[in-house]
Amino acid sequence: MKKILLVAVREFTATVFTRAFVLGLMLTPAIGAIGATLVPRMMARSVQVQGQIAVVDPTGAVGGELADALSSARITARRTDQTRQVLIQAPESVRQVAGNDGGRAARFALGSVPEFTIVQRPPDADLKLERAWLTDEQAGPRHLALIVIHANAVRAGADGYGEYDLFVPPNVDDRVEGEIYQGLREAIIGARIKAQALDRAAIDSLVRVARVKSVTVTKNDQRQTVAGFNMLLPGAFAVLLFIGVMTGGQALLTSTVEEKSSRVIEILLSAVSPMELLAGKLLGQMAVSLLALAFYVGLGMALLVSFAMFGLFNPWLLVYLLIFFLIAYFVIGAMMLTVGSVVNDMREAQSMMMPIMLLIMTPWLFWLPISREPNSTFSTIISFVPPVNTFTMLLRMASNTPPPWWQVWTSIAIGIASVVAVLWCAAKVFRIGLLMYGKPPDFATMIRWIRAA
Amino acid sequence: MSAAVLLSGVTKTFGATRAVDHLDLVVPRGAVYGFIGPNGAGKTTTIRMMMSIIFPDAGTLSVLGHASALDAKDRIGYLPEERGVYRKMRVGAFLTYLGRLKGISEGELPGRIRRGLERVGLGDCEGKRCEELSKGMQQKVQFLAAIMHEPDLLILDEPFSGLDPVSARTLRLLVHEEHQRGATILFSTHVMPHAEELCDHVVMMHRGKKVLDDPLSTIRRQYDPRAIRFEPLDRDADLSPLAALPEVERVSQADGGCEILLVNGTNPASAIPRLASAVPAGRIEIARPRLEDIFIRIVTGGSAAADTEVLRAQLHAGAEPKAVPV
Numbered sequence: 001m002k003k004i005l006l007v008a009v010r011e012f013t014a015t016v017f018t019r020a021f022v023l024g025l026m027l028t029p030a031i032g033a034i035g036a037t038l039v040p041r042m043m044a045r046s047v048q049v050q051g052q053i054a055v056v057d058p059t060g061a062v063g064g065e066l067a068d069a070l071s072s073a074r075i076t077a078r079r080t081d082q083t084r085q086v087l088i089q090a091p092e093s094v095r096q097v098a099g100n101d102g103g104r105a106a107r108f109a110l111g112s113v114p115e116f117t118i119v120q121r122p123p124d125a126d127l128k129l130e131r132a133w134l135t136d137e138q139a140g141p142r143h144l145a146l147i148v149i150h151a152n153a154v155r156a157g158a159d160g161y162g163e164y165d166l167f168v169p170p171n172v173d174d175r176v177e178g179e180i181y182q183g184l185r186e187a188i189i190g191a192r193i194k195a196q197a198l199d200r201a202a203i204d205s206l207v208r209v210a211r212v213k214s215v216t217v218t219k220n221d222q223r224q225t226v227a228g229f230n231m232l233l234p235g236a237f238a239v240l241l242f243i244g245v246m247t248g249g250q251a252l253l254t255s256t257v258e259e260k261s262s263r264v265i266e267i268l269l270s271a272v273s274p275m276e277l278l279a280g281k282l283l284g285q286m287a288v289s290l291l292a293l294a295f296y297v298g299l300g301m302a303l304l305v306s307f308a309m310f311g312l313f314n315p316w317l318l319v320y321l322l323i324f325f326l327i328a329y330f331v332i333g334a335m336m337l338t339v340g341s342v343v344n345d346m347r348e349a350q351s352m353m354m355p356i357m358l359l360i361m362t363p364w365l366f367w368l369p370i371s372r373e374p375n376s377t378f379s380t381i382i383s384f385v386p387p388v389n390t391f392t393m394l395l396r397m398a399s400n401t402p403p404p405w406w407q408v409w410t411s412i413a414i415g416i417a418s419v420v421a422v423l424w425c426a427a428k429v430f431r432i433g434l435l436m437y438g439k440p441p442d443f444a445t446m447i448r449w450i451r452a453a
Numbered sequence: 001m002s003a004a005v006l007l008s009g010v011t012k013t014f015g016a017t018r019a020v021d022h023l024d025l026v027v028p029r030g031a032v033y034g035f036i037g038p039n040g041a042g043k044t045t046t047i048r049m050m051m052s053i054i055f056p057d058a059g060t061l062s063v064l065g066h067a068s069a070l071d072a073k074d075r076i077g078y079l080p081e082e083r084g085v086y087r088k089m090r091v092g093a094f095l096t097y098l099g100r101l102k103g104i105s106e107g108e109l110p111g112r113i114r115r116g117l118e119r120v121g122l123g124d125c126e127g128k129r130c131e132e133l134s135k136g137m138q139q140k141v142q143f144l145a146a147i148m149h150e151p152d153l154l155i156l157d158e159p160f161s162g163l164d165p166v167s168a169r170t171l172r173l174l175v176h177e178e179h180q181r182g183a184t185i186l187f188s189t190h191v192m193p194h195a196e197e198l199c200d201h202v203v204m205m206h207r208g209k210k211v212l213d214d215p216l217s218t219i220r221r222q223y224d225p226r227a228i229r230f231e232p233l234d235r236d237a238d239l240s241p242l243a244a245l246p247e248v249e250r251v252s253q254a255d256g257g258c259e260i261l262l263v264n265g266t267n268p269a270s271a272i273p274r275l276a277s278a279v280p281a282g283r284i285e286i287a288r289p290r291l292e293d294i295f296i297r298i299v300t301g302g303s304a305a306a307d308t309e310v311l312r313a314q315l316h317a318g319a320e321p322k323a324v325p326v
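Protein sequence lines correspond, in order, to chains S and X.
Numbers 1 to 453, taken from our numbering, label the letters of the first sequence in order.
Numbers 1 to 326, taken from our numbering, label the letters of the second sequence in order.
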């Protein structure tokens with residue numbers, strides 16, 4: 001046991017006390033911080049889109065409305081209103097940062113307000129020529145869109161109301177296209193109301209129902225609902241599990257490959273048995289992973305506290321995170337060790353890692369369906385299939401409708417059994433593979449080793 | 001007292017290759033055993049089985065009285081053929097790590113490391129990274145790691161491969177010192193002169209089988225006790241009086257003199273004064289047969305010259321890392 005601990009301590013110190021580890025640890029939150037602050041600022045300072053929109057309007061009623069609906073003032077007002085709707089469900093601290101009027105948040109999120117010039121075309125304009133105008137790249141204002149209003153778009157015909165056709169050149173920003181859609185909708189509705197001699201202001205006030213903050217009621221408490229939290233929380237836990245497992249797993253792979261390629265492995269084997277080496281390496285890198293996990297969990301908790309959202313999740317999830325982390329770490333870590341023991345260098349390791357990485361990534365492919373339908377047959381089945389059961393079950397547990405406890409503990413029991421099985425196989429391959437040089441073994445050979453050893 | 005190493009009927013097969021074939025071996029405590037043979041003879045596989053790094057398919061073994069070296073690892077020093085260091089680790093830290101794994105207490109380690117490094121001429125290298133050392137210096141560090149816990153049994157697999165003559169000499173002196181301390185030494189080599197210089201007992205392996213297991217002195221006596229190397233005082237002297245002596249069976253020319261083969265049964269001690277009186281001698285000595293020649297003679301049984309040359313080439317080939325076929 002003493003030798004196992006010595007190997008574990010060396011693994012831990014050799015990994016943790018390096019610039020690469022410290023930088024790697026800081027990288028994820030740094031990217032997050034940059035994403036949260038710098039990107040919106042860059043978007044807000046993005047180059048303002050300016051250009052012409054051609055309108056063929058046989059009704060003669062939509063063009064004017066469209067010029068008004070796509071004016072900078074109206075676009076700003078629409079964006080501010082939409083952002084305010086989103087902010088209603090955000091925590092108070094987020095609203096304070098974003099600004100309660102929504103205007104500042106809209107500028108951050110959506111960038112500069114575009115400046116459109118509406119160019120009216122004759123009702124009988126040649127559409128072939130007009131479409132060619134879109135791709136005419138002569139100097140001058142950009143040609144952003146061609147809109148052809150249907151003749152029955154304002155006054156209903158026998159088949160009801162008509163719509164419009166929208167033509168755009170390649171590479172038009174999706175936000176510009178979105179603004180055009182919204183402006184067109186507003187303009188056509190406005191034209192129809194006028195055609196019916198109705199009062200626009202009265203209709204607007206009739207159809208307007210302000211969105212309010214919902215309140216989440218629990219058995220013991222009630223609290224403000226935070227939009228998106230229930231969807232993001234499972235993902236956050238799965239990311240934590242992934243980071244934890246990959247931090248130690250990747251280090252296990254590289255340290256084993258390094259020990260083998262530098263031929264230090266046999267010197268180690270003169271002092272410790274292969275099993276002591278395997279156990280020591282696994283424990284040492286487990287400590288590394290736990291350190292990384294604790295750092296990120298601590299950071300996440302600090303963020304929740306600072307945004308007054310700490311009470312929104314069940315702290316027991318952290319206990320289950322630890323349990324599922326240990327299961328996932330030992331299964332994936334043992335696989336990584338196995339790969340590291342049978343290859344000669346990292347290049348060979350990368351090709352052998354492909355199937356393991358695919359296994360690890362599987363739950364990410366189904367993150368959305370599992371989060372949305374955590375108790376579907378599909379979600380239930382794959383939460384019992386190792387090694388993806390750990391990721392899947394954690395996604396389900398962090399969702400808004402957690403699975404029954406018996407499923408959780410069955411998944412844990414299956415996970416523990418898989419740890420025993422994988423460690424047993426890994427130990428056998430590890431013992432032989434460590435002293436193997438030359439062509440790495442194929443899967444069939446490794447199975448033969450497991451049977452023979 | 002039990003033998004330091006005891007092997008009985010040990011066999012190891014990798015796929016279709018029988019690397020070690022029913023090997024019996026007894027290494028007494030305090031001996032210096034040379035384990036010789038060309039690459040692929042089964043030396044490293046045998047040593048790895050002794051170290052319980054791999055396990056035999058058949059047969060039994062005992063190391064320092066234990067059925068497995070795992071139970072006596074702290075009393076064994078091992079320098080493997082394929083050896084290296086943690087490149088980024090400092091020399092002191094590397095030795096500390098291996099010393100702790102070998103059971104040296106934390107308090108004793110700094111002193112032992114310092115003294116050990118000074119002993120191998122690397123007193124100023126404790127704080128250097130291993131990658132900053134030359135290959136020869138790294139080998140000295142590895143050797144130090146194998147002996148600093150003062151093992152009862154020191155197993156060295158091709159310890160001199162890749163070393164320059166000066167470093168090889170330093171290592172030979174250290175091996176000698178370890179033997180003087182009381183350690184049993186077992187080392188493998190395919191370089192026969194090293195075995196001749198260090199060993200008091202030789203085990204020869206060829207294609208997994210033991211072909212010779214005798215004290216060095218016995219081997220020399222047994223394989224050519226009748227050859228005398230003779231250099232006349234006068235380089236131009238007539239050597240025909242030597243061939244005329246009744247004790248002499250044959251005289252053959254050699255560089256700077258001749259090699260004399262005595263008649264079977266002749267005592268060299270009585271023949272040498274008669275040779276010297278027949279032709280004044282500048283130098284006269286019993287010609288010691290080289291292990292390489294003995295090995296080749298045993299393996300080929302005196303067969304075709306082509307086989308002899310192939311074997312000689314194998315013995316002279318470098319000890320390159322090789323795969324373990326499975």
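Hints are supplied without guarantee of correctness; some may be wrong.
[Said to hold, decoys possible] Which residues of chain S face chain X? A few of them, derived with a C-beta cut under 8 Å, are:
#: 1; residue: 3
#: 2; residue: 262
#: 3; residue: 266
#: 4; residue: 267
#: 5; residue: 401
[Claimed, not checked] Here are the simulated EDC-like pairs of lysine to aspartate or glutamate, each with C-alpha atoms no more than 20 Å apart in a straight line:
#: 6; chain 1: X; residue 1: 88; chain 2: X; residue 2: 57
#: 7; chain 1: X; residue 1: 135; chain 2: S; residue 2: 258
#: 8; chain 1: X; residue 1: 135; chain 2: X; residue 2: 124
#: 9; chain 1: X; residue 1: 209; chain 2: X; residue 2: 131
#: 10; chain 1: S; residue 1: 2; chain 2: X; residue 2: 108
#: 11; chain 1: X; residue 1: 209; chain 2: X; residue 2: 71
#: 12; chain 1: S; residue 1: 3; chain 2: X; residue 2: 108
#: 13; chain 1: X; residue 1: 88; chain 2: X; residue 2: 126
#: 14; chain 1: X; residue 1: 88; chain 2: S; residue 2: 163
#: 15; chain 1: S; residue 1: 3; chain 2: X; residue 2: 74
#: 16; chain 1: S; residue 1: 213; chain 2: S; residue 2: 81
#: 17; chain 1: S; residue 1: 2; chain 2: X; residue 2: 126
#: 18; chain 1: S; residue 1: 194; chain 2: S; residue 2: 163
#: 19; chain 1: S; residue 1: 3; chain 2: X; residue 2: 71
#: 20; chain 1: X; residue 1: 88; chain 2: X; residue 2: 150
#: 21; chain 1: S; residue 1: 428; chain 2: S; residue 2: 442
#: 22; chain 1: S; residue 1: 2; chain 2: X; residue 2: 106
#: 23; chain 1: X; residue 1: 135; chain 2: X; residue 2: 74
#: 24; chain 1: S; residue 1: 439; chain 2: X; residue 2: 71
#: 25; chain 1: S; residue 1: 439; chain 2: S; residue 2: 348
#: 26; chain 1: X; residue 1: 88; chain 2: X; residue 2: 21
#: 27; chain 1: X; residue 1: 88; chain 2: S; residue 2: 345
#: 28; chain 1: S; residue 1: 128; chain 2: S; residue 2: 165
#: 29; chain 1: X; residue 1: 135; chain 2: X; residue 2: 108
#: 30; chain 1: X; residue 1: 209; chain 2: X; residue 2: 74
#: 31; chain 1: S; residue 1: 428; chain 2: X; residue 2: 164
#: 32; chain 1: S; residue 1: 2; chain 2: X; residue 2: 71
#: 33; chain 1: S; residue 1: 3; chain 2: X; residue 2: 106
#: 34; chain 1: S; residue 1: 3; chain 2: X; residue 2: 150
Note that these hints are calculated values from the structure, not bench results.
On a predicted model such as this, the values are computed, not experimentally measured, just so you know.
Don't be surprised by glycine CBs; every beta carbon is placed ideally from N, CA and C.
Okay, the hints, checked on the actual structure:
1. 3: holds, 6 Å
2. 262: Holds - the Cβ of residue 262 (chain S) comes within 8 Å of chain X, reaching about 4 Å at its closest.
3. 266: Hint on residue 266 (chain S): holds, closest Cβ of chain X at ~4 Å, below 8 Å.
4. 267: holds, 6 Å
5. 401: violated, 50 Å
6. X:88 <-> X:57: Outside the cut-off at roughly 38 Å; violated.
7. X:135 <-> S:258: Answer holds: residue 135 (chain X) to residue 258 (chain S) is near 18 Å, not above 20 Å.
8. X:135 <-> X:124: Since the Cα atoms of residue 135 (chain X) and residue 124 (chain X) sit roughly 16 Å apart, the hinted pair holds (cutoff 20 Å).
9. X:209 <-> X:131: violated, 39 Å
10. S:2 <-> X:108: holds, 17 Å
11. X:209 <-> X:71: Violated, at about 27 Å.
12. S:3 <-> X:108: holds, 17 Å
13. X:88 <-> X:126: holds, 13 Å
14. X:88 <-> S:163: Not OK: residue 88 (chain X) and residue 163 (chain S) at ~71 Å, beyond 20 Å, violated.
15. S:3 <-> X:74: Distance of about 11 Å is within 20 Å: holds.
16. S:213 <-> S:81: holds, 15 Å
17. S:2 <-> X:126: violated, 25 Å
18. S:194 <-> S:163: holds, 17 Å
19. S:3 <-> X:71: The hint holds at about 13 Å.
20. X:88 <-> X:150: Not satisfied, since the Cα-Cα distance of roughly 26 Å exceeds 20 Å.
21. S:428 <-> S:442: holds, 15 Å
22. S:2 <-> X:106: Judged against 20 Å, a Cα distance of about 13 Å means the pair holds.
23. X:135 <-> X:74: violated, 26 Å
24. S:439 <-> X:71: Not satisfied, since the Cα-Cα distance of roughly 33 Å exceeds 20 Å.
25. S:439 <-> S:348: OK: residue 439 (chain S) and residue 348 (chain S) at ~9 Å, within 20 Å.
26. X:88 <-> X:21: With a Cα-Cα distance of about 41 Å, the restraint between residue 88 (chain X) and residue 21 (chain X) is violated, given a limit of 20 Å.
27. X:88 <-> S:345: holds, 17 Å
28. S:128 <-> S:165: holds, 14 Å
29. X:135 <-> X:108: The given pair, whose Cα atoms are some 27 Å apart, is violated under the 20 Å limit.
30. X:209 <-> X:74: At roughly 30 Å apart (the allowed maximum being 20 Å), residue 74 (chain X) and residue 209 (chain X) break the hint.
31. S:428 <-> X:164: Distance ~39 Å between residue 428 (chain S) and residue 164 (chain X) Cα, so the pair is violated.
32. S:2 <-> X:71: Satisfied, since the Cα-Cα distance of roughly 14 Å is no more than 20 Å.
33. S:3 <-> X:106: holds, 13 Å
34. S:3 <-> X:150: Holds, at about 18 Å.
The structure is inconsistent with the numbered hints 5, 6, 9, 11, 14, 17, 20, 23, 24, 26, 29, 30 and 31, although it conforms to all the rest.
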